[in-house]
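A.B. asks: In the order they appear, the protein sequences are chains A and B.
When the count follows the working numbering, it moves up by one through the first sequence with no breaks and lands on 409 for the last residue.
When the count follows the working numbering, it moves up by one through the second sequence with no breaks and lands on 409 for the last residue.
Calculated directly from the structure, the hints in this document are not laboratory data.
Any given hint could turn out to be false.
Copies of one chain are not kept apart here, so a pair can be met inside one copy or by any two copies together.
[Unchecked claim] Pairs of lysine-lysine residues, derived as DSSO-like cross-links and limited to a Cα-Cα distance of at most 27 Å, are as follows:
(1) K107 <-> K152
(2) K150 <-> K397
(3) K337 <-> K263
(4) K263 <-> K360
(5) K337 <-> K149
(6) K79 <-> K150
(7) K149 <-> K360
(8) K79 <-> K239
(9) K397 <-> K360
Below, each chain spelled out in residue letters.
There are 2 protein chains.
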Amino acid sequence: MTSKPLEAPLRTLMGPGPLDIHPRVYRALASPVIGHLDPAYLALLDRIREQLQMVFRTKNALTHVSPGTGTSGMEMCVANLMEPGDKVLCCVHGYFGARIREMAERQDADVTTLEAEWGQPDDPSAIEKKLKDGGFKVMTLVHAETSTGVQQPMEDIVRLAKEHGVMLLLDTVTSLGGVDVEIDAWGIDAAYSCSQKCIGSPPGLAPITFSPRAVDVMKSRRSPVRGWYLDAQLLDGYWSGRKYHHTSSSTLHYGVHEALCLIEEEGLAARITRHRRHHLALVAGIEAMGLSMFVAAEHRLPSLNAIRIPDGVDDGKLRGYLLETFNLEIGGGLGAIAGKVWRVGLMGYSSSPERILFFMSCLSQALGVQGVSTDLKAGLAAAMSTLES
Amino acid sequence: MTSKPLEAPLRTLMGPGPLDIHPRVYRALASPVIGHLDPAYLALLDRIREQLQMVFRTKNALTHVSPGTGTSGMEMCVANLMEPGDKVLCCVHGYFGARIREMAERQDADVTTLEAEWGQPDDPSAIEKKLKDGGFKVMTLVHAETSTGVQQPMEDIVRLAKEHGVMLLLDTVTSLGGVDVEIDAWGIDAAYSCSQKCIGSPPGLAPITFSPRAVDVMKSRRSPVRGWYLDAQLLDGYWSGRKYHHTSSSTLHYGVHEALCLIEEEGLAARITRHRRHHLALVAGIEAMGLSMFVAAEHRLPSLNAIRIPDGVDDGKLRGYLLETFNLEIGGGLGAIAGKVWRVGLMGYSSSPERILFFMSCLSQALGVQGVSTDLKAGLAAAMSTLES
């Protein structure tokens with residue numbers, strides 16, 4: 021029998037992730053597989069922990085990668101901190117905030133939801149009102165809402181969490197490695213991210229970090245964690261205690277290690293500045309073309325840019341055209357804003373000038389096919405002038 | 021800042037897994053990453069399902085890979101089929117049978133355990149006695165106990181499960197792709213495996229399959245599945261319904277697809293014969309050297325060979341010597357038989373004559389260092405004569 025060979029297309033990835041990854045990361049992925057208890061592998065695990073502590077800006081000892089995608093990291097945080105009956109406040113202003121709530125409900129936590137409009141951040145005064153009801157063990161919050169492109173201001177919320185003694189569980193899926201994340205300075209108790217966005221490696225692993233207080237809470241649980249695979253203490257028994265738990269994938273760890281080396285070499289602060297500069301260039305270009313952004317300027321996430329779909333444009337047709345004609349992937353809207361926005365990722369290695377200019381040119385052409393004209397010349401000029409500034 | 025480059029050692033992997041993987045699989049791992057909703061990716065998912073149906077010998081529509089290691093597949097089967105209070109019979113004759121039980125307990129199932137001696141399979145007459153108590157919803161069984169190297173005879177147990185109308189949940193982690201697994205013929209309701217053993221790709225994915233009866237049971241659950249990440253119906257909403265659930269890793273899927281292509285090209289039956297032939301050659305060699313196997317001949321698993329550690333040999337020192345001197349990894353014992361056996365994997369691409377002869381030579385040398393003499397010449401002659409027969 022002859023099997024059909026794999027035909028993996030060569031795309032330019034500018035959706036919510038995965039993004040294009042650096043050639044050095046591809047090379048790392050092809051490094052020889054080794055055993056999960058090999059001394060060389062255990063040394064690699066230690067190195068990845070140090071690198072993640074740098075990116076999360078934390079000294080938390082329980083910092084590592086969960087053996088699954090970002091969603092596994094979300095569930096690891098939720099399932100380890102929450103027990104049946106625990107009072108939890110879930111702040112929801114998009115698809116992923118709602119997903120956290122759904123997971124909390126599956127832990128039979130006593131969930132209170134605070135909804136904000138999609139495209140807006142959560143409002144600290146509304147949170148304060150809820151917290152005054154008292155008794156919350158955990159508050160869940162999305163720092164970078166991947167579904168809307170909103171960056172949540174943290175200062176007021178961090179203060180409120182401290183005042184009310186509530187633990188903060190934070191989604192940093194689309195911010196870690198490209199936007200300021202301050203686990204220790206903010207006093208975050210549990211946070212998770214993913215490997216394939218601003219970190220810049222393929223999907224499959226989820227950076228996680230737990231504060232010493234969160235570890236104490238886990239250790240004094242009334243009931244065992246409902247999941248065995250994502251039990252943080254069992255996992256740490258492998259990461260720190262070198263005790264077999266699961267057959268950790270050297271391939272994925274090679275990738276994330278190399279991607280984190282690239283962050284060390286660039287410098288985290290420089291990388292964050294780069295993400296911001298390219299975001300501003302894209303926004304300048306998009307607006308000069310005559311299109312508009314979905315989120316107000318002060319709350320825009322640099323890594324994920326939500327652009328309003330002009331009236332009368334067929335979203336599916338346009339994205340299909342970009343993929344088929346230019347091998348270019350961008351993201352559509354999720355949930356409540358499906359069909360209303362495009363989500364354009366500028367993250368990691370693929371936050372680059374050439375991708376911004378390529379995207380604008382392709383988008384202008386695709387809109388033209390649907391009879392919508394844009395000022396591409398003005399757009400490119402505005403983007404380039406921002407890139408040069 | 022300059023980051024330290026990765027130094028991945030080049031090992032010969034002959035433990036319980038991961039094993040050495042084929043160069044074509046390494047090449048596939050470096051294929052360009054694509055988005056999890058890319059039409060090319062969705063086509064790849066369909067192709068992998070077909071390939072796994074071939075390897076599992078099943079027509080089950082709900083057949084795919086779970087987004088985590090083999091342990092995630094175990095938990096997916098347990099958590100989706102069991103609810104609080106469900107009567108479950110867990111057959112335990114090794115470390116992994118006990119792990120299934122632990123997961124079942126975390127689902128608050130009403131668990132009855134049937135223990136068999138480690139190194140022996142489960143006894144159908146003991147199972148029959150338990151089943152006569154009645155009311156069991158699920159029976160869990162390990163087809164290939166990775167901790168002991170025992171292959172469970174299936175015929176009698178399959179008959180008993182049918183007679184008593186109990187669902188069978190089967191661990192095929194160390195058998196799938198190298199040993200006969202007959203999901204449909206045996207009437208198995210849920211089974212899982214892993215990507216890195218007889219399948220021959222890196223760790224990170226877990227093949228799973230559920231019967232139509234198991235799907236009906238999931239659909240009529242009284243309570244939601246406690247885990248969101250491993251909820252089979254949500255996952256199938258992605259695999260079959262093309263609805264976003266998690267950011268599936270193209271890298272790992274490229275690897276498992278290529279490994280499954282290699283199985284198609286070799287032919288599953290021929291591959292199983294190869295695994296058996298190499299197993300017999302290793303056993304002939306080991307016994308002619310003067311060592312002995314842990315499991316009786318009729319219950320030995322061809323893919324994982326448990327060899328008794330001779331009296332007076334320091335296990336840790338010997339395995340350390342093999343790793344440092346020959347870059348050769350073999351497995352130690354787990355749980356109750358730690359320090360009593362070595363576990364030698366002959367799986368997938370790495371079930372090969374050169375590895376058998378290399379291992380025997382290295383083992384003889386390592387035992388010599390500890391003052392234990394073996395008849396290497398007789399061992400190699402016996403192994404080679406079996407290979408030629």
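A.B. asks: Regarding K79 and K150, is the shortest C-alpha distance of 27 Å or less found within a copy, between copies, in both, or in neither?
C.D. replies: For K79 and K150, neither the intra-copy (31 Å) nor the inter-copy (52 Å) Cα distance is at most 27 Å.
A.B. asks: Classify it for me, K107 with K152: is the Cα-Cα distance of at most 27 Å met within a copy, between copies, both or neither?
C.D. replies: For K107 and K152, only the intra-copy Cα distance (13 Å) is at most 27 Å; the inter-copy one is 44 Å.
A.B. asks: Could you figure out if K337 and K263 sit no more than 27 Å apart (CA to CA) within one copy, between two copies, both or neither?
C.D. replies: between (51 Å within a copy, 18 Å between copies)
A.B. asks: At most 27 Å between C-alpha atoms: does K397 with K360 qualify within a copy, between copies, both, or neither?
C.D. replies: within (25 Å within a copy, 74 Å between copies)
A.B. asks: First find the shortest C-alpha distance between K337 and K149 inside one copy, then the shortest across copies, and answer within, between, both or neither for a cut-off of 27 Å.
C.D. replies: Neither: 44 Å inside a chain and 62 Å across chains, both beyond 27 Å.
A.B. asks: Could you figure out if K149 and K360 sit no more than 27 Å apart (CA to CA) within one copy, between two copies, both or neither?
C.D. replies: neither (32 Å within a copy, 62 Å between copies)
A.B. asks: Classify it for me, K150 with K397: is the Cα-Cα distance of at most 27 Å met within a copy, between copies, both or neither?
C.D. replies: neither (49 Å within a copy, 78 Å between copies)
A.B. asks: 27 Å Cα cut-off: does K263 pair with K360 within a copy, between copies, both or neither?
C.D. replies: Answer is between; shortest inter-copy Cα gap is 18 Å, intra-copy 49 Å.
A.B. asks: Check K79 against K239 for me: Cα-Cα at most 27 Å, and say if that holds within a copy, between copies, both or neither.
C.D. replies: Within. Shortest intra-copy distance 19 Å satisfies the 27 Å Cα cut-off; inter-copy 44 Å does not.
When held up to the earlier numbered hints, the structure conflicts with 2, 5, 6, 7 and fits the remainder.
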